[in-house]
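Colleague: Okay, here's what each chain looks like letter by letter:
Protein chains: 2
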Amino acid sequence: MSTSRVDGQWFREEDSSWAGYSVSLKIEEILFQGKSDFQDILVFKSTSFGVVLVLNGIIQCTERDERTYQEMIAHLPLNSHPNPQKVLVIGGGDGGVVREALKYKSVSSVVLCEIDQKVIDVCRKFLPSMASCLDDERVTIHVGDGIAYVKDHPGEFDVIITDAPDPIGMAEGLYQKAFYQDMKNALKSDGIMCCQGETTWFDLPLIKRMLKDCRSIFPRVAYAVGNTPTYVGGQMGYMLCSSDPKAKLVQPLRQYSDAELIKMNMQYYSPEIHVASFVLPFFIKKNLQEVLDT
Amino acid sequence: MSTSRVDGQWFREEDSSWAGYSVSLKIEEILFQGKSDFQDILVFKSTSFGVVLVLNGIIQCTERDERTYQEMIAHLPLNSHPNPQKVLVIGGGDGGVVREALKYKSVSSVVLCEIDQKVIDVCRKFLPSMASCLDDERVTIHVGDGIAYVKDHPGEFDVIITDAPDPIGMAEGLYQKAFYQDMKNALKSDGIMCCQGETTWFDLPLIKRMLKDCRSIFPRVAYAVGNTPTYVGGQMGYMLCSSDPKAKLVQPLRQYSDAELIKMNMQYYSPEIHVASFVLPFFIKKNLQEVLDT
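So the sequence lines, in the order shown, correspond to chains A and B.
Numbering-wise (the UniProt record's numbering), the first sequence opens with residue 1 and increments by one.
Numbering-wise (the UniProt record's numbering), the second sequence opens with residue 1 and increments by one.
Just chain A, with the same shape it has in the complex (with noise of 0.2 Å):
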């Protein structure tokens, strides 16, 4: 349960998840607090780290870091897909992911299903360098449930990314083995999901559940983990599921130059990135290699 506060000049994130640690962000101006219908929502401008979005008190993304979580949960499956085409996007009202899978030539329609308008509303006024890319004509915006709207739609997408809150209340079914399973579902054959992976410094018998789960309904599965700092911790893990046997998802299928991945606005991601990415540190893999691919 989460009891961050504006605290004086400071928003500080505290929640029960990462009981007695907290990251701290300065407040230069509060650009809008209001509550829609399934959670508090937050966005300030930060001194240092540009304009933030909080829901339910719990950072979401900043201006300045976003890109490191946005480009790995969705590069990590595009770029370990033949030819994406029909991307989903469950969740990630900002925008943030949607924006990357259109930088896919073979990306023909991306939907994006997130459960609170208000959200959306909020990121295209205060977060235009994530939410702007929604009015791309390949967009498709589905304001509803993504449980829901997984089911209504099998067999229809490449690559499944559900951008999640944690697994706190309204965002608990994101993170149960008949989600994975409907999502597989909702697969082509040859799809690849792949979803927010938590932190393993806080969430490791979580991570383990959610692997072993994965396990049982996907062929493929893979692990990896990225830095942002305005995470607990500093670090943000991704699951990656493929429906294809053969699917080698820690190599990356395109190579791009450094001139490419600045043309593409990368700040984070690049091919080397990606197989680095899957290589965890001795205590993850420690604990979690009987539930990975080897």
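Since the hints were derived computationally from the structure, they do not count as laboratory data.
Certain hints may be false.
Because identical chains share one entry, a pair is satisfied inside a single copy or across any pair of copies.
Unchecked claim - Only pairs whose alpha carbons sit at most 27 Å apart, straight line, appear in this in silico DSSO-like list of lysine-lysine:
no., residue 1, residue 2
1, K248, K285
2, K184, K45
3, K26, K125
4, K184, K212
5, K86, K248
Following the hints, position chain B against chain A.
Modeller: Positioned in the frame of chain A, the structure of chain B alone reads:
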């Protein structure tokens, strides 16, 4: 300049070098608070990261994640050296780096050159998992200035590790070109040195300058990054330099099985992580590639 403070039940780390961003740890009990001839020293038991050592308001290490740092700063150079025998550790009075160096059978002597006797005393008392190794018969403790020490010991060491605090106040000299030259002189002809390499999210201009200085002195220079939750940005950089133009710093010389790594009590480092840690996120690579080996 640090404006960190104990604030109610929390220790809040704030510094002008990373203004607007703060990592905080909840305090269970303050174990020591005092002033040495050189700095303010605080030791507390945190609720979720074990015992924490704070110098001049900056977190130096916590029991829970210290090995991420100690292992990387020690094993990157030691496992890049064909036969490390004489090791010098500058700073690092907590003993963590010495503990890692002693894991090599080839190492016959480790000199710890720490300026502040009080840090050694406090760590012996409150952080025995790090400092107890200082009783090993291969260890010599020299309480004094590291800059003077390296000047007085030309051609003596196989590996020198600078476990320095941030370049503020008395530690500033440890980030100067003259000191890098003195370290090169204190190394044998195939010697390797490794320095704390700051955080790319906050210190890129400094890191670039450090690398440039070292490129003008050492034939081989490389830069790695790793994750440490209680350092700002959740990241720590490591600068590795070799006097041997043929040294392959990014490839470890010894492979260890998982069983061996467990026996060595490794938390973070493995030969695979050694390689992966030199693969830099794109914004770092883009910024540093002109001052790095290709």
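Colleague: All the hints need checking, so say for each whether the structure fits it.
Modeller: Hints versus structure:
In the homo-oligomer, the alpha carbons of K248 and K285 lie at most 27 Å apart both inside one protomer (18 Å) and across protomers (25 Å), since each shortest distance falls under that limit. With identical chains, the CA atoms of K184 and K45 are never at most 27 Å apart, being 39 Å at best within one copy and 46 Å at best between copies. For a Cα distance limit of 27 Å, the shortest separation of K26 from K125 inside one copy, 21 Å, qualifies, whereas the shortest one across copies, 36 Å, does not. In the homo-oligomer, the alpha carbons of K184 and K212 lie at most 27 Å apart inside one protomer (15 Å), although the nearest pairing across protomers, at 50 Å, exceeds that limit.
Proximity of K86 and K248 under a CA criterion of 27 Å is satisfied intra-copy only: 20 Å inside one chain copy versus 44 Å between copies.
Of the hints listed earlier, the one the structure fails to meet is number 2.
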